[in-house]
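Undergrad: Here is what each chain is made of, one letter per residue.
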Amino acid sequence: MIYIAVLALGALGLRVMVVPAEVCPAVTPANARGAIAEASGWLERGVRPGGLYTYGYNRKDDAVSQDYNITRHAGVMFGLYQLAEETGDEKALAAAEHGLMFVHANLLRNGGWTAFAEPGQDARLGASGLLAIALVQRRFATGDESEDDLIRGLAHFLAAQQQADGSVLGRWSRETERAVPDEYAKFGTGQALWTFALLDKLFPGEGWGQPARRLARYVATRRDDVEGYVLTFPDHWSAYALAELGPDGLGEPEIAYARELAGILGLNSRLESQSGQGGLNRVFRGEPASGAGLGTVTEGLAALWRLSVADPRLADLTDNLAARLRCTAGRAVERQIDPFEAENAPRPLLARGAWFTEDGYTQMDHQRHPLSGLLATLEVLDAESAR
Amino acid sequence: MSFAFLLVALVASTNPCRVRLVLPERRQAVVLGALIALGVAGGVAAVGGAVLDALDITPETFRLAAAVVLALEGARALVLARPAREPELHGLGAALVPVAFPLLLTPGVVMLTLTAGGDDDVALAVGALVVAFALVLLTTLIRRGARADALLAAGGRLLGAAEIAVGVALAVQSVHDV
Numbered sequence: 040m041i042y043i044a045v046l047a048l049g050a051l052g053l054r055v056m057v058v059p060a061e062v063c064p065a066v067t068p069a070n071a072r073g074a075i076a077e078a079s080g081w082l083e084r085g086v087r088p089g090g091l092y093t094y095g096y097n098r099k100d101d102a103v104s105q106d107y108n109i110t111r112h113a114g115v116m117f118g119l120y121q122l123a124e125e126t127g128d129e130k131a132l133a134a135a136e137h138g139l140m141f142v143h144a145n146l147l148r149n150g151g152w153t154a155f156a157e158p159g160q161d162a163r164l165g166a167s168g169l170l171a172i173a174l175v176q177r178r179f180a181t182g183d184e185s186e187d188d189l190i191r192g193l194a195h196f197l198a199a200q201q202q203a204d205g206s207v208l209g210r211w212s213r214e215t216e217r218a219v220p221d222e223y224a225k226f227g228t229g230q231a232l233w234t235f236a237l238l239d240k241l242f243p244g245e246g247w248g249q250p251a252r253r254l255a256r257y258v259a260t261r262r263d264d265v266e267g268y269v270l271t272f273p274d275h276w277s278a279y280a281l282a283e284l285g286p287d288g289l290g291e292p293e294i295a296y297a298r299e300l301a302g303i304l305g306l307n308s309r310l311e312s313q314s315g316q317g318g319l320n321r322v323f324r325g326e327p328a329s330g331a332g333l334g335t336v337t338e339g340l341a342a343l344w345r346l347s348v349a350d351p352r353l354a355d356l357t358d359n360l361a362a363r364l365r366c367t368a369g370r371a372v373e374r375q376i377d378p379f380e381a382e383n384a385p386r387p388l389l390a391r392g393a394w395f396t397e398d399g400y401t402q403m404d405h406q407r408h409p410l411s412g413l414l415a416t417l418e419v420l421d422a423e424s425a426r
Numbered sequence: 118m119s120f121a122f123l124l125v126a127l128v129a130s131t132n133p134c135r136v137r138l139v140l141p142e143r144r145q146a147v148v149l150g151a152l153i154a155l156g157v158a159g160g161v162a163a164v165g166g167a168v169l170d171a172l173d174i175t176p177e178t179f180r181l182a183a184a185v186v187l188a189l190e191g192a193r194a195l196v197l198a199r200p201a202r203e204p205e206l207h208g209l210g211a212a213l214v215p216v217a218f219p220l221l222l223t224p225g226v227v228m229l230t231l232t233a234g235g236d237d238d239v240a241l242a243v244g245a246l247v248v249a250f251a252l253v254l255l256t257t258l259i260r261r262g263a264r265a266d267a268l269l270a271a272g273g274r275l276l277g278a279a280e281i282a283v284g285v286a287l288a289v290q291s292v293h294d295v
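Chains as they are written, first to last, in our numbering: chain A, 40 to 426; chain B, 118 to 295.
Hints should not be assumed to be uniformly reliable.
Estimated spans, in silico, between C-beta atoms of each pair [claimed, not checked]: (1) A349/A with A163/B: 34 to 42 Å; (2) I41/A with G262/B: 48 to 56 Å; (3) D266/B with Q316/A: 29 to 37 Å; (4) D421/A with V164/B: 33 to 41 Å; (5) L310/A with D170/B: 29 to 37 Å; (6) P64/A with L213/B: 21 to 29 Å; (7) V196/B with G317/A: 36 to 44 Å; (8) D101/A with V196/B: 54 to 62 Å.
Residues from chain A that face chain B, not an exhaustive set, calculated with beta carbons under 10 Å [what the hints assert, rightly or not]: (9) P59; (10) A60; (11) T110; (12) F323; (13) L343; (14) L360.
Anything over 10 Å on all C-beta distances counts as not near chain A; from chain B, calculated [stated by the list, open to error]: (15) A182; (16) V186; (17) G208; (18) P224; (19) L241; (20) A282; (21) S291; (22) V292.
Hints listed in this document are in silico derivations from the structure and should not be mistaken for laboratory results. Beta carbons are placed, not taken as given, at the ideal position from N, Cα and C, and that holds for glycine.
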């Protein structure tokens, strides 16, 4: 009897602490499109003078953040251009174009390269990488070639930061006029990789394939050790880059890395689906992911799903990637503040379409990442409904 | 999961060496108990996928729970090489208690068969269980004595260590799986 009681208690403990239920609300093309429209609405309503966007808002204090971050600025432009390209949304395009004014006022030119950096600030890899990606997306959305020189200039900055082993340094110092040694950018590396991969297709014959391949090999084989990650770093930007490089651009080390990346993103998705805003799940799983967290996992899973469909070496992952993607996307849709919930906020238009953290805060990337992630999820949902 | 992995995991979790130290001496009861345990474990594996669905747990996540159980069970075998004798039912009832339960249907065996069921590896799990339980039956051929018991205890510790290693491998797999 005691034996059975101990087993029952053990099973209960396992259930509560190790394997709580994975809750995956349904995601449909309709509710995903609705969430995308609400998220883009938040970003579009945030257009401010000087080419800026609303950065953040705390609904508990009813305080609009006075902070700003140029990498996230580029991210907002990227998301809006993506939406414009995918759906032809004119309002999204206009809001994205608005951000160009701030971009052109904050460029640092040095020799043959251009970086996106505020006056007096060092040039950081991520801001320039993400701006280059956003401008490539602009090219896809509009066909306008007027920013091509800027795209090339930004990519030359990324290439100037690249070292002999393929890695890219995260910062260039205005004071020393050199790249800062041994300093890497958490997300900048993946953004640089995707930039090189995009430019290799956009400007064939200009030699962008070589830095892309060198960086891809570094990311696949050495980055986690060199940059100090114990587990594979869940880098959605590298996932985008791998999908862009495609089967022909990926060797076996990159494919092995894609598997590891899929694993860690899948784990993040599963753990997130076990989290809750209260009760024991809150105790054992911590705070549910922010909008940015939900979005980055969705973006990464969607990119790897596209790669798994294109590359037979990863075909065995397709179904699981789609399942995790649906789950995280469903949770993103469910946790977004809808128009009715927003009515209870001090400023409904700063709450509507947003994803808030537990302490009542949201910022531009909490909307931008889910926007991109849900856009990518639509492709998976469409493919599955076509089966 | 591969057959080889399941075999090592189920042998380690069944731990024939350790179990032999407390098995009833009636071989008929042991054989019958092994068959009962095989039937129950096979049934658990067969409904593994449905059970995990009902619990809203993906097989990839459930591996982590199995890993925790195996590691704890392995640690127990490593520390307590000589298990306490279990109460026995009379006659062939001993096949049910203690042979089938709790000696053969250990928490680790149940978790592994559920995991295998969730992965649609029911046949592999049953095959590995047949081998694991056959090893338990083979140990009944060992004549007990001070020297034999010491060797069985050492073997039990070794399998306990192997079970911990299997648990770690399963946890790593859970992290790497999508």
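Undergrad: None of the hints should be skipped; say for each whether it holds.
TA: Quick rundown of the hints versus the structure:
| no. | hint | result |
| --- | --- | --- |
| 1 | A349/A with A163/B: 34 to 42 Å | holds (37 Å) |
| 2 | I41/A with G262/B: 48 to 56 Å | violated (31 Å) |
| 3 | D266/B with Q316/A: 29 to 37 Å | violated (55 Å) |
| 4 | D421/A with V164/B: 33 to 41 Å | holds (35 Å) |
| 5 | L310/A with D170/B: 29 to 37 Å | violated (19 Å) |
| 6 | P64/A with L213/B: 21 to 29 Å | violated (44 Å) |
| 7 | V196/B with G317/A: 36 to 44 Å | holds (38 Å) |
| 8 | D101/A with V196/B: 54 to 62 Å | holds (58 Å) |
| 9 | P59 | holds (8 Å) |
| 10 | A60 | holds (4 Å) |
| 11 | T110 | violated (28 Å) |
| 12 | F323 | violated (13 Å) |
| 13 | L343 | holds (8 Å) |
| 14 | L360 | holds (6 Å) |
| 15 | A182 | violated (4 Å) |
| 16 | V186 | violated (7 Å) |
| 17 | G208 | holds (21 Å) |
| 18 | P224 | violated (6 Å) |
| 19 | L241 | holds (17 Å) |
| 20 | A282 | holds (19 Å) |
| 21 | S291 | violated (8 Å) |
| 22 | V292 | violated (6 Å) |
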